[in-house]
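**Q** So the sequence lines, in the order shown, correspond to chains A and B.
At position 46 of the first sequence the residue is numbered 46 (UniProt numbering), and the sequence of numbers has no breaks.
At position 187 of the second sequence the residue is numbered 187 (UniProt numbering), and the sequence of numbers has no breaks.
Watch out, some of these pointers could steer you wrong.
Said to hold, decoys possible - DSBU-like mimics (lysine-lysine), calculated; alpha carbons at most 35 Å apart, straight line:
id, chain 1, residue 1, chain 2, residue 2
1, B, Lys137, B, Lys60
2, B, Lys111, A, Lys100
3, A, Lys111, B, Lys179
Please keep in mind that the hints were generated in silico from the structure rather than gathered at the bench.
Since the model is a prediction, treat every value here as computed from it, not as a measurement.
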Amino acid sequence: MIGIVNYGAGNIFSLTATLERLNIPFGMINQEADFDKYERIIIPGVGHAAVAMKKLEDSGLADAIKTLTKPVLGICVGMQLLTSFSEEGNAPMLNHFPLKTLHFANRIDLKIPHVGWNSVELENDCPIFKEISNNAYFYFVHSYFIEFDNSFTSASCDYGVKFSAAIWKNNFYAVQFHPEKSGRDGEQLLLNFSKI
Amino acid sequence: MLAKRIIPCLDVKDGRTVKGVNFVDLRDAGDPVELAWQYSQQGADELVFLDITATHEGRKTTIDLVKSVARQVNIPFTIGGGINELADAEILLNSGADKISINSAAVRNPKLIDELANTFGRQFVVIAVDTRFSEGKNWVYLRGGRDKTEIQTEDWIKEAESRGAGEILLTSMDHDGTKNGFDCSLLKKINDTLTIPIIASGGAGSQQDFVDVFQQAEVDAALAASVFHYGEILIPELKETLRRNKIIAR
């Protein structure tokens, strides 16, 4: 069973609806003790990274996340929370990955936000991409990105700059795109995570 | 590479699609959820639902519709129509809508754009603009093209962008329904000034029209209704045509 970290950052209706459609059982994590109830954890998130970080800290769940040994999947802002720092609000994040979340502005000559379906290049044999083709398309909506890194980037994407579409370190996985909105490949990714 | 998006638009009233739909293998042509699912299976990149429901009671039906779409369809969708305040947008967001499209309410109260962008993020806010050409200028029209304003289209779009619009959905009233192609010159002119994505709407009649609007106006997405609903253009074939013309399509 998957536990969704419920810290009030953004709407999770689409995510829970997709898990229901895929027959993946889930519940909500509202307090630290709830982490024990689930085998896998999803950190969702849309909106402003610094605001999301503050909400996560206020919820009292931030410290517990750092110590998790179960598989964890961060999605979108939920991914950015796992980095060391975000330029959105210039705020420190959870620092599980020694990577920064940067603004596209002034770094690329393309439209911002990066909205739409972009192809994703697989960089290693990350288990959440099992049975997903190289250069498959996923749906992105974001103005901030995580820098590409040889050690941690498990899938990259190009939008004026090569950035991390997915990162992976030990039991922590994270994706910048929205698997719950990314057609069959997105569903496959969530199924893969549910079996790790 | 970022793909150009193809977006079918569904008009809904009291939870049912209203414009004619002539689709093969459809159990219920009036059911927007079934249509949405079919389009997602065919490779549509996104969907727009235009809610023309007038009554308060009808709004509840719309919210139920948004929830059903979010439950059953695995691509992003936008809902527009009748959104006048933050609370309207919030309930749609919490029901699973990825974006909302606002037209008249934003013209009447431009600060609404700032409020929505600051509250939900600009990626959530699509500003729909209906435009018509007369006396040598492009004018913004309201209420589905019925009311002319004294606002010039170029000015309004720049203002919407600066206030926090995440995307512009531009419909040319002059081209809408003609099936003679998108208004590529206007779309290009506007697109050249924008730093946010623009969706072309109005005039799609053939696959070539989509090729033209992506090549000539370099828009990010193109929207159409009847050519898709009547099966005159099939999305898998359209995507093939785009790729053959070196346009990136998913």
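**Q** Work down the list of hints and note, for each, if the structure agrees.
**A** Taking the hints in turn, this is what the structure says about them:
1. Lys137/B x Lys60/B: Since the Cα atoms of Lys137/B and Lys60/B sit roughly 40 Å apart, the hinted pair is violated (cutoff 35 Å).
2. Lys111/B x Lys100/A: 33 Å, holds
3. Lys111/A x Lys179/B: Distance ~29 Å between Lys111/A and Lys179/B Cα, so the pair holds.
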